[in-house]
Structure formats: structure tokens, C-alpha cells
Amino acid sequence: MEISCERHIAYELNEYFSFKVPNAQFHPKFKAKMWDGKIRLFNINTGKMYLGLYRYLKEWAQKHSYKFETDIIEATGENVDYKSCCDYINNLNPIVKGEK
Numbered sequence: 011m012e013i014s015c016e017r018h019i020a021y022e023l024n025e026y027f028s029f030k031v032p033n034a035q036f037h038p039k040f041k042a043k044m045w046d047g048k049i050r051l052f053n054i055n056t057g058k059m060y061l062g063l064y065r066y067l068k069e070w071a072q073k074h075s076y077k078f079e080t081d082i083i084e085a086t087g088e089n090v091d092y093k094s095c096c097d098y099i100n101n102l103n104p105i106v107k108g109e110k
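Basically our numbering = 1-based index in the sequence shown + 10.
By construction, these hints were calculated from the structure, which means they are not laboratory data. Certain hints may be false.
[Unchecked claim] Calculated lysine to aspartate or glutamate pairs in the EDC-like style (CA-CA distance at most 16 Å, straight line): (1) LYS68 x GLU22; (2) LYS58 x GLU16; (3) LYS107 x GLU16; (4) LYS68 x ASP81; (5) LYS58 x GLU12; (6) LYS58 x GLU22; (7) LYS30 x ASP46; (8) LYS68 x GLU109; (9) LYS77 x GLU22.
With the hints as extra help, turn the sequences into a complete structure.
Written out as C-alpha cells, the structure reads:
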């Protein structure tokens with residue numbers, strides 16, 4: 011997903027959605043001072059983040075009282091029951107290597 015925000019908020023997101031890699035100090039890129047040993051889940055240059063982090067982004071924005079607007083439709087799963095799932099699965103016609 012792509013996030014549009016002010017630069018200072020992007021820096022906060024970058025810091026919050028990052029973590030240190032265990033034993034990173036032994037990695038050749040860390041030793042060569044080309045990497046700080048962190049994995050960042052938010053790209054500050056492109057504004058992109060993994061869609062799976064949407065829920066955590068929303069919680070983070072609410073916690074910090076930031077305005078949060080989205081065009082992502084949230085699936086709640088409230089209208090899904092066991093019978094409709096079984097019917098859906100039974101109506102699938104998967105084809106593997108040209109055979110049903």
C-alpha cells in the first residue's frame with residue numbers, strides 16, 4: 011500500500027515499523043558500515059508499506075491522533091458462515107496439469 015503523509019510523519023513511521031536483526035553485527039554489510047542492522051517495513055522514499063501491516067498502521071495513527079483516510083475496503087467476515095464457505099469450496103473446479 012502507498013502512504014501519503016508529511017515528511018516528519020514518514021520518519022516516525024519509518025522508525026516505528028523497523029526492527030533490529032539479531033546478530034546483525036556479524037553480517038558483512040554491517041561490518042563494512044553499509045547497513046545499520048535494521049529491517050524497515052516502511053520505505054520512506056516511496057511511501058510504500060506491506061498491505062499486511064494495514065491494521066497496525068491504523069492503530070498507530072489512532073494512538074498518535076493522526077488523521078487517517080483510506081480507500082481500502084476492510085473485510086470484517088461478519089456475513090460469512092460455514093455453509094456458504096462449504097458451498098463455495100464445493101463449487102470450485104480446479105484444473106491441475108490440464109485435468110480436473
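Going down the list of hints, with the structure as the test:
Under the criterion of a C-alpha separation no larger than 16 Å, the hint pairing LYS68 with GLU22 is consistent with the structure, at around 14 Å. Annotation: proposed proximity of LYS58 to GLU16 holds, straight-line Cα distance about 14 Å (limit 16 Å). Under the criterion of a C-alpha separation no larger than 16 Å, the hint pairing LYS107 with GLU16 is inconsistent with the structure, at around 50 Å. Taken as a hint, the LYS68 and ASP81 pair is honoured in the structure, with Cα atoms around 13 Å apart against an allowance of 16 Å.
Proposed proximity of LYS58 and GLU12 is supported: the alpha carbons are some 4 Å apart, at most 16 Å. Distance restraint check for LYS58 and GLU22: the Cα-Cα separation of roughly 14 Å lies within the 16 Å cut-off, and the hinted pair is therefore satisfied. Straight-line distance between C-alpha atoms of LYS30 and ASP46 comes to about 9 Å, which keeps the hinted pair within the 16 Å bound. For the hint pairing LYS68 with GLU109, the CA-to-CA distance comes to about 44 Å; that exceeds 16 Å, so the pair is violated.
Proximity of LYS77 to GLU22 is assessed by CA-CA distance (about 15 Å); at most 16 Å being required, the pair is judged to hold.
Checked against the numbered hints listed earlier, the structure breaks hints 3 and 8; every other hint is satisfied.
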